[in-house]
Every structure is written in structure tokens, then in C-alpha cells.
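S.K.: Mapping of the sequence shown onto our numbering: residues 44 to 126, in sequence order.
In case anyone wonders, no lab produced these hints; they're calculated from the structure. Please read all numbers here as calculations on a predicted model, not as lab measurements. Mixed in with the good hints there might be a few duds.
Unchecked claim - With a cut-off of at most 27 Å between alpha-carbon atoms, the simulated DSS-like pairs for lysine-lysine come out as follows:
{"hint": "1", "residue 1": "Lys77", "residue 2": "Lys104"}
{"hint": "2", "residue 1": "Lys116", "residue 2": "Lys79"}
{"hint": "3", "residue 1": "Lys104", "residue 2": "Lys79"}
{"hint": "4", "residue 1": "Lys104", "residue 2": "Lys116"}
{"hint": "5", "residue 1": "Lys104", "residue 2": "Lys75"}
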Amino acid sequence: KRYSKYLTSIRTRSSTPGGEDDIDTLLNGVIKKKLKIIPENVTWGGQSNDVFNYLEGDFMKPRIDEVDQLLAKGVNVTVYNGQ
Numbered sequence: 044k045r046y047s048k049y050l051t052s053i054r055t056r057s058s059t060p061g062g063e064d065d066i067d068t069l070l071n072g073v074i075k076k077k078l079k080i081i082p083e084n085v086t087w088g089g090q091s092n093d094v095f096n097y098l099e100g101d102f103m104k105p106r107i108d109e110v111d112q113l114l115a116k117g118v119n120v121t122v123y124n125g126q
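Required output: the full structure, derived from the provided sequences and hints.
M.R.: See below:
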């Protein structure tokens with residue numbers, strides 16, 4: 044529950060004037076370069092608050108079983124972990 048509140052607060056901050064440009068710059072710049080797997084023609088874009096609020100219940104849930112199933116089928120999987 045606390046993590047959902049944290050995510051909501053981050054989303055709210057990124058929606059304030061100037062905030063969205065900052066997160067766009069961060070994710071399309073430094074983060075994209077660090078990951079080294081995002082194609083040049085793919086850019087990050089902020090989602091609407093409605094979409095974020097609808098999906099926030101899915102953040103930070105274990106997905107080990109799903110990842111195992113994908114790997115067993117030969118699907119390449121990239122797992123990101125961190126804060």
C-alpha cells in the first residue's frame with residue numbers, strides 16, 4: 044500500500060508543470076543509454092493519470108511463474124529490478 048502511494052506521488056510530481064519534461068528527458072536520455080536495449084526509434088511517453096491509476100495495483104507483484112513459463116517457451120525475457 045505504501046509503495047502505491049509512493050508511485051502515485053511520483054506520477055503527480057511528473058504531471059506538474061516542468062515535471063513531465065524532466066522525466067521524459069531522464070527516461071529517453073540517460074536511462075535509455077544505460078539500458079542499451081531500447082531501439083533509437085522508441086521513446087518513452089507519460090501515460091494519463093487514468094491509465095496509471097487503473098494499473099497501479101499491478102506494480103511490484105511477483106511474476107516468477109510467468110517469467111519461468113516464458114523462458115520455458117524460449118522467449119527472451121529482460122527483468123528490471125530496483126528503485
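S.K.: Now tell me if each hint is right for this structure.
M.R.: Evaluation of the provided hints:
no., hint, in the structure
1, Lys77 to Lys104, "holds, 25 Å"
2, Lys116 to Lys79, "holds, 25 Å"
3, Lys104 to Lys79, "holds, 25 Å"
4, Lys104 to Lys116, "holds, 22 Å"
5, Lys104 to Lys75, "holds, 24 Å"
Consistency with the previously given hints is maintained throughout, with no hint failing.
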